[in-house]
Each structure stands twice: as C-alpha cells, then as structure tokens.
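Undergrad: Sequence:
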Amino acid sequence: MCFDEIFFHLLENDDQSPVGADSAQDSRMPAGAVQNPNRTEPPQSSMDAKKLPIYHQKNKLIQAVRENSFLIVSGETGSGKTTQLPQYLYEAGFCKDGKIGITQPRRVAAITVAQRVAQEMHCSLGLEVGYQVRFDDFTTPSTVVKYMTDGCLLREVLADPALSAYGVIILDEVHERSLNTDILLGLLKKVFSNPHTASKGRSFPLKVVVMSATMETDKLSVFLNNCPVFTIPGRVYPVTCKFGQAVGPKDLESTAYVKEVVKVALNVHTTEMAGDILVFLTGQVEIERACDLLFEKAECIDYRYDVYDRTVEGLLILPLYGSMPTDQQKQIFQPPPPGIRKCVVATNIAATSLTIDGIKYIVDSGFVKQLNHNSRVGLDVLEVVPISKSEARQRAGRAGRTSAGKCFRIYTTEFWEKCMPEYTVPEIQRSSLTAVILTLKCLGIHDVIRFPYLACPEERFILEALKQLYQFDAIDRRGKVTKLGELMVEFPLHPGLTRALLKAASLGCQDLLLPVAAMLSVENIFIRPGQPEKQKEADQKHKALVAKTGSMNDFALLLTVFQSCKSSDRPSAWCKDNWIHWRALKSAFSVETQLREILLRLQQRRDFPVETFDGNKSELFRQCLCTGYFTNVARRSVGKVFCTMDGHGSMVHIHPSSSLFEQETELNWVIFHDVMVTSRVYIRTVCPIRYDWVKDLLPKLHEVDVYELSSVAREEVTDDEMKKWETKEAAKRQQGSKVMKKLEKRNNEATVSDARARYLERKKQRQQSKAL
DNA sequence: GAGCACTGC
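In numbering that gives the first Met the number 0, the protein residues as written are 0 to 771.
No wet-lab data here; the hints were simulated from the structure.
Some clues are possibly wrong.
[To be verified] Lysine to any residue pairs mimicking SDA-like chemistry, simulated, CA-CA at most 20 Å apart:
1) Lys-50 with Arg-234
2) Lys-368 with Lys-199
3) Lys-542 with Gln-530
4) Lys-368 with Gly-321
5) Lys-585 with Thr-677
6) Lys-694 with Asn-667
7) Lys-189 with Lys-199
8) Lys-218 with Ser-68
9) Lys-616 with Asp-510
10) Lys-189 with Ala-158
11) Lys-533 with His-580
12) Lys-98 with Gln-62
13) Lys-639 with Lys-616
14) Lys-616 with Met-551
[What the hints assert, rightly or not] Have a look at the derived ranges for each label pair, beta carbon to beta carbon:
15) Gln-603 with Ser-141: 27 to 33 Å
16) Leu-381 with Val-221: 29 to 35 Å
17) Ala-454 with Val-235: 36 to 42 Å
18) Gln-244 with Asn-523: 36 to 42 Å
19) Glu-298 with Asn-371: 36 to 42 Å
20) Met-272 with Cys-299: 34 to 40 Å
21) Gln-244 with Thr-139: 33 to 39 Å
22) Glu-215 with Cys-299: 44 to 50 Å
23) Gln-539 with Asp-159: 25 to 31 Å
24) Met-675 with Ala-164: 52 to 58 Å
25) Gln-539 with Gly-125: 43 to 49 Å
26) Asp-136 with Gln-244: 17 to 23 Å
27) Pro-324 with Glu-661: 26 to 32 Å
Built from N, CA and C at the ideal position, the CB exists for glycine as well.
From just these sequences and the hints, can you work out the full model?
TA: Set out below in structure tokens:
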C-alpha cells in the first residue's frame with residue numbers, strides 16, 4: 000500500500016461513518032447507532048488536508064460563496080466538502096457577523112464530523128467548533144462553526160425565522176432527500192431568494208450553500224433560481240457490477256430472493272479472491288434465515304478443493320440490523336481472524352449509517368423495506384419495494400471504499416430497466432405531512448400547497464394533513480393556526496399524541512400522559528425472541544405486567560412498564576428480567592424529560608388552557624387519549640373484527656401482542672395508536688373506550704370536505720366568501736352525525752357479508768381437502 | 001394467534 004492509498008483510506012470516512020466517537024460518547028449515542036471500536040482517527044495535519052480534492056479549489060470556492068447568495072457544491076464522498084468547506088469559510092472571515100451552520104441528516108454524522116473538524120482546527124469541541132443534536136448540545140457562545148441535524152435547524156427556524164445568528168447555512172447531503180432537509184431547502188429559497196423578505200430581521204445577507212453528491216444538480220440549480228454549481232472531483236475505487244438471472248420483473252410480488260442471495264454469496268466465497276462480503280437484505284427475519292442457510296451450506300465446504308483462493312480457509316457469518324443488541328453489533332467491526340472471510344448480512348443500515356472496513360464484495364438483493372404513507376386509507380404501510388438505481392449504485396459503492404471491488408446483483412438487467420426507478424421517491428412524497436404542515440403554518444406560510452417544494456407532495460397528502468390539523472383544533476376553518484396549534488408545534492411528537500398530552504396537562508394529569516407519549520415515540524420496547532421456549536417466557540413476563548397494570552389497556556401498560564422500570568433499583572436488570580428493550584426504554588426516559596421541560600415552559604404562558612374534570616383516574620386517562628385518537632376509533636362488528644370509524648370503514652383486527660387480544664368482554668369501542676398490515680390489518684396499542692367520550696368528536700371526522708379545505712389552503716379568503724363557506728359548514732356539521740349513523744350501518748353490513756364470505760370460503764376449502 | 005427498514009425533533 001503506497002502512502003497515497005493509506006492516506007486515502009484515512010480520509011474515506013469523512014462523511015457518514017460513526018468514527019472517532021470516543022467511548023465516553025456512548026451514553027449519548029442514538030438507539031441503534033454503533034461505533035466502530037477499531038478505528039481511531041488520528042488528527043489530520045494541514046498537510047493531509049492539502050491532499051484533498053477540494054483543496055485545489057479552495058480560493059475559487061471562497062470566491063464563489065462570496066459572490067453568490069446561493070451556491071450548489073457537488074462532490075462525491077471523499078472529496079472533503081463536509082469537513083473542509085466550513086473551515087475555508089471560517090478562515091476567510093465569514094463568521095464575522097454570524098455563525099456557520101452545517102446540517103446533516105443523521106446525528107452520528109453531525110457529532111463525528113464536528114469532532115473531526117475541532118481536531119483539525121486545534122480547538123476543543125464546543126469552543127469554535129461545536130455540534131447540536133437532540134438531547135445533546137455541545138456549543139457555547141463562542142461556537143462559530145456549528146454542525147447539527149437538519150431537524151435541529153428546523154426547530155431553530157421556528158424560534159427565529161430570519162436565522163439572525165447565522166452568516167452562512169450549509170445544507171449537506173441534500174441528495175439523500177430527507178424530509179427535514181427538503182423543507183429547509185424550500186424555506187431558505189422562499190425567504191432568502193426574495194430581496195423583500197431576505198433582509199427582514201437581519202442586518203446582513205445570509206449565504207446559503209447546498210451540498211449534494213449525486214443528485215441532479217441541474218434540477219437543483221433551476222430550483223434555486225439558476226444559482227451556480229461548483230463541482231469537486233471525488234475519489235473512489237472502481238466497482239464492477241454483475242447482474243444475475245434470479246430476480247426478474249415477474250418476481251416483484253414474491254420474496255424468494257433469500258435463497259438466491261445465499262447462493263451468490265457462497266459462490267463469491269468459493270470463487271473470488273480474499274476480501275469480505277456485504278449482503279443487503281430487507282429485515283431481521285430474512286437476515287436470520289439467510290444466516291442460518293449460509294451457515295448450513297458453508298459447513299459443507301471442503302477448503303482443500305472447493306475454494307479458488309487457497310488463503311481463504313473459513314467463513315464468518317454476521318447478521319446486522321438496527322434493533323440488534325449493541326455488543327453484538329460491535330462484532331461486525333472486528334477484523335476476521337487470518338484466513339477467515341467475513342460475510343455481513345445487513346439491512347439498509349449498512350448503506351449510509353455505518354461503514355464496515357475491508358468490504359470488497361457486495362451481494363445486492365435489490366429490495367428494501369420502506370415506510371410509505373397511503374392517503375387513500377390514511378395509513379402508514381411498511382412494505383418491501385425494489386430499490387432505485389441510485390440506491391443500487393450506492394450499495395455497490397460500499398465495495399469501493401478502500402480498494403477496487405465487485406458487486407453482484409441477483410436481479411436481471413430487465414428488472415433494472417423495468418422495475419427500478421432512477422431515484423428513490425423523496426421522503427416528503429411518501430410521508431404523513433400533518434406535523435410538517437403545522438410547522439409551515441406556524442412559520443406564517445399560509446399557502447402550503449404552493450410552497451416551493453423541491454418535490455411536490457401529492458395534493459391529497461397536504462389536504463389530508465390539513466384535515467387532521469383541523470380535527471385536532473390546531474388550525475381553524477380558515478386554515479389559521481390556533482392558540483392550541485401554537486402550543487402543539489413545540490412538541491417533537493405526532494400531533495394526535497400532542498393533542499392528548501395537552502388535554503391531560505390542562506386537566507393537571509400530565510404525569511399519566513408524558514410517559515405514554517414518550518414510550519410511543521421510541522421503538523417497540525417489548526422483546527419477543529425467535530426460539531419458542533424463550534418466547535413463552537417473554538409472553539408470560541409481559542402478561543404479568545398486564546396483570547400489574549390492572550386493566551386491559553395497552554396505553555396503561557406502557558405507563559406501568561415505564562414507572563416500574565424507573566422505580567426499580569437496577570433498571571437494566573429489571574428490563575432483562577421482563578423482556579423489555581433497555582436501550583429503547585432509556586431513550587423513552589430522555590424523551591419524557593424533554594417533553595416535561597417543554598410542557599413546563601408552555602404552562603408558564605398565560606394562555607395555557609386549564610380545565611376541570613370529575614371522574615375516576617382511569618376514565619380521565621382514557622378520555623385524554625380520546626382527544627388525540629378520535630381519528631383512530633374502531634367499533635366491534637363481528638367477533639374479533641373491528642371496523643374503523645374514520646370514513647374508510649376498514650376492517651381491522653386486534654393484534655395478538657395487545658393485552659386486549661384474549662379479551663372476551665362486551666367492549667365494543669376502542670381507540671388505537673397504529674396499524675400494521677401483514678396477513679391481516681392489525682391495530683396495535685389498543686384501549687377500550689366508551690362511545691360517549693367520542694360521540695361529540697366523531698362527527699368532526701366527516702364534517703370537512705377536503706376539496707373545500709384546498710381552496711382555503713390556497714389563498715386568503717375574503718370575509719364574504721368565508722361567511723358563505725361557514726354557512727355550508729354548519730349545515731354539514733349537522734349532517735355529520737347523520738353520516739356517522741349511515742356509516743355505522745354500512746360498516747356493519749359490510750362486515751357481516753365480509754365475514755360470511757370468508758366463512759363460506761373456509762367451508763369450501765375444508766370440503767375440498769376432505770375430498771382429497 | 002403474530003413479526004417493525006432507517007432516520008429525526
């Protein structure tokens with residue numbers, strides 16, 4: 000390895016890898032993030048910095064920032080843009096008037112890059128160079144170069160729309176198209192590319208630099224009023240890609256690719272030179288199955304005859320996914336013993352969030368699990384979909400970070416052409432926009448439909464968000480933010496949950512809701528292992544917790560878990576004993592503290608609502624939940640089948656993990672936190688309610704016509720028009736309850752006929768199997 | 001009678 004290569008090797012983790020976070024950082028690491036314990040980053044000398052591709056462009060780059068209020072910098076990973084550009088601007092005196100703020104989509108990146116730059120600038124972290132991420136603010140008044148997550152900057156915009164503390168804003172990794180980065184981009188364009196609004200609240204102009212790797216920079220430039228594009232050459236090793244024969248367009252619906260992936264990985268192992276393998280699959284279950292298969296097959300290899308490279312004497316198979324225990328994840332980074340080839344079978348987590356050294360071969364399944372919002376049924380659905388071509392290129396690129404590599408795609412070129420889109424659909428076009436729209440409204444952006452989105456979400460997504468905000472009393476019928484809405488926007492939670500929390504706070508019972516809100520905004524806390532025996536044990540422990548709760552209510556169960564663990568002497572041991580994710584619960588504790596602080600701050604405001612309530616505690620708790628979840632009400636139709644009352648009338652089942660699953664009582668009305676679509680449509684985290692509690696709220700679900708909302712959303716409405724609209728609305732509200740009754744009836748009929756159809760189907764099947 | 005990719009405030 001020549002000097003240049005060694006040097007290059009050191010540089011290669013400038014962008015995303017969680018390198019350099021020392022172990023003291025551990026407690027602050029996000030759930031699911033892993034550090035690489037084997038890589039310590041030496042401080043980079045100024046000589047090294049001069050070797051970066053970006054160095055040769057230094058003066059031109061500074062000049063370009065000086066001359067333009069908007070600038071696009073395009074450069075591949077390894078060009079040094081993330082670490083160097085802020086330093087250049089600092090040296091050139093750009094922080095004279097304000098800070099340089101650099102956003103990242105991921106917290107690990109924000110933290111590690113800040114550490115790295117502090118080293119390079121020879122200052123302690125938090126002085127000139129600092130970072131801010133949720134739960135972790137490493138800045139001081141003397142911080143002038145500030146790395147942060149995009150979400151953090153969005154929060155800052157809410158407090159100070161003119162961003163008066165900043166001289167330069169750099170949006171990094173724009174090509175990843177994270178929801179927050181897209182919104183920030185639109186905001187910066189709207190406010191700072193218009194001379195009338197750009198200077199409002201500021202004494203000097205703001206510089207905006209947008210950094211992107213592979214995105215179509217032409218499109219980006221047009222979006223930013225034809226601003227100039229500055230291109231920096233990158234340095235990556237070549238990766239040769241081979242297509243397979245296994246997955247073609249007709250395999251879109253099936254999931255038979257696990258076997259093929261295993262076959263290809265084994266083939267690489269036996270026919271290719273030494274070097275580690277990284278396999279991309281979609282989820283935990285698949286990964287475990289693939290690992291089992293691989294292990295089974297690898298045991299049969301005779302290393303005297305079967306392997307092409309005689310230095311290879313074994314295969315080490317390692318699974319990798321986000322919810323895996325952290326110590327197990329750390330194994331991934333250990334170099335394999337001499338003569339052993341490492342094969343990591345991972346989810347998409349290995350595509351951007353962490354980097355594994357020594358990967359020379361990629362096996363790409365061509366699929367990814369993606370959360371998509373379906374506005375037709377108003378649900379978020381987690382589904383397996385083909386990756387985009389750009390994503391496939393990124394996966395391949397993981398083999399070319401330290402030397403030339405090879406990528407084996409199990410799908411055909413036909414699949415590539417016909418099934419894989421050029422780019423991944425941006426997050427903003429496949430997310431529920433309720434929280435985002437509220438943020439925009441609070442920033443005074445009334446016309447949320449004609450907001451300059453880099454990629455426009457479908458109009459019905461926006462309308463659906465407006466409708467929900469109206470239902471939660473966050474906006475009024477004119478689309479203006481209410482006092483309640485202004486309170487709601489402060490919380491980093493789903494608006495429905497915030498609504499329930501604020502109701503509880505106004506009744507003085509926030510202690511019941513705060514832990515629940517926290518628990519619902521972290522990953523699933525109940526562990527259910529794969530082995531049947533352990534599964535039984537876990538189920539029993541969880542049932543004991545239900546018994547301790549004293550009522551069949553999944554929300555209350557969350558409260559029990561939270562409180563029991565918190566009051567335990569040894570919380571982590573308590574979790575282990577009760578099959579609860581300690582890591583997830585720990586982050587729930589942090590979230591609860593943060594929510595409590597926000598609430599306290601707001602309660603000091605004079606306009607914080609105060610109400611009274613007489614009734615018992617369990618009812619109080621559930622009624623608070625109803626104010627936030629009346630959009631998620633379901634009524635029992637037949638047996639264990641419920642139907643939603645949101646107008647879609649979807650048939651749903653209580654998920655077997657719910658404490659209500661085995662319940663055979665008379666409960667007929669429930670609210671639920673979320674929906675999961677697998678073999679059936681399941682509702683999870685369920686709570687029984689009384690119809691009385693939602694009776695007055697339900698008509699609201701049918702009162703608003705989204706298309707009329709759209710006209711209100713578009714423009715300021717005159718008083719005259721508003722009056723007309725309000726008269727119409729009043730009539731509709733009356734109709735609301737009629738619609739409800741009709742819906743109930745229709746749902747009921749649908750359910751019965753549906754159930755009957757399935758009964759007949761089963762009967763037919765039974766007869767057929769008998770005949771056989 | 002069962003399975004949640006990954007981020008983020």
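Undergrad: A separate judgement is required for each hint: does it hold in the structure or not?
TA: Okay, the hints, checked on the actual structure:
{"no.": "1", "hint": "Lys-50 with Arg-234", "in the structure": "holds (11 Å)"}
{"no.": "2", "hint": "Lys-368 with Lys-199", "in the structure": "violated (43 Å)"}
{"no.": "3", "hint": "Lys-542 with Gln-530", "in the structure": "holds (18 Å)"}
{"no.": "4", "hint": "Lys-368 with Gly-321", "in the structure": "holds (13 Å)"}
{"no.": "5", "hint": "Lys-585 with Thr-677", "in the structure": "violated (29 Å)"}
{"no.": "6", "hint": "Lys-694 with Asn-667", "in the structure": "holds (14 Å)"}
{"no.": "7", "hint": "Lys-189 with Lys-199", "in the structure": "holds (13 Å)"}
{"no.": "8", "hint": "Lys-218 with Ser-68", "in the structure": "holds (18 Å)"}
{"no.": "9", "hint": "Lys-616 with Asp-510", "in the structure": "holds (12 Å)"}
{"no.": "10", "hint": "Lys-189 with Ala-158", "in the structure": "holds (17 Å)"}
{"no.": "11", "hint": "Lys-533 with His-580", "in the structure": "holds (15 Å)"}
{"no.": "12", "hint": "Lys-98 with Gln-62", "in the structure": "holds (19 Å)"}
{"no.": "13", "hint": "Lys-639 with Lys-616", "in the structure": "violated (28 Å)"}
{"no.": "14", "hint": "Lys-616 with Met-551", "in the structure": "holds (15 Å)"}
{"no.": "15", "hint": "Gln-603 with Ser-141: 27 to 33 Å", "in the structure": "holds (30 Å)"}
{"no.": "16", "hint": "Leu-381 with Val-221: 29 to 35 Å", "in the structure": "holds (34 Å)"}
{"no.": "17", "hint": "Ala-454 with Val-235: 36 to 42 Å", "in the structure": "violated (27 Å)"}
{"no.": "18", "hint": "Gln-244 with Asn-523: 36 to 42 Å", "in the structure": "holds (38 Å)"}
{"no.": "19", "hint": "Glu-298 with Asn-371: 36 to 42 Å", "in the structure": "holds (39 Å)"}
{"no.": "20", "hint": "Met-272 with Cys-299: 34 to 40 Å", "in the structure": "violated (22 Å)"}
{"no.": "21", "hint": "Gln-244 with Thr-139: 33 to 39 Å", "in the structure": "violated (59 Å)"}
{"no.": "22", "hint": "Glu-215 with Cys-299: 44 to 50 Å", "in the structure": "holds (48 Å)"}
{"no.": "23", "hint": "Gln-539 with Asp-159: 25 to 31 Å", "in the structure": "violated (53 Å)"}
{"no.": "24", "hint": "Met-675 with Ala-164: 52 to 58 Å", "in the structure": "violated (43 Å)"}
{"no.": "25", "hint": "Gln-539 with Gly-125: 43 to 49 Å", "in the structure": "holds (48 Å)"}
{"no.": "26", "hint": "Asp-136 with Gln-244: 17 to 23 Å", "in the structure": "violated (53 Å)"}
{"no.": "27", "hint": "Pro-324 with Glu-661: 26 to 32 Å", "in the structure": "holds (30 Å)"}
Checked against the numbered hints given earlier, this structure breaks hints 2, 5, 13, 17, 20, 21, 23, 24 and 26; the rest are met.
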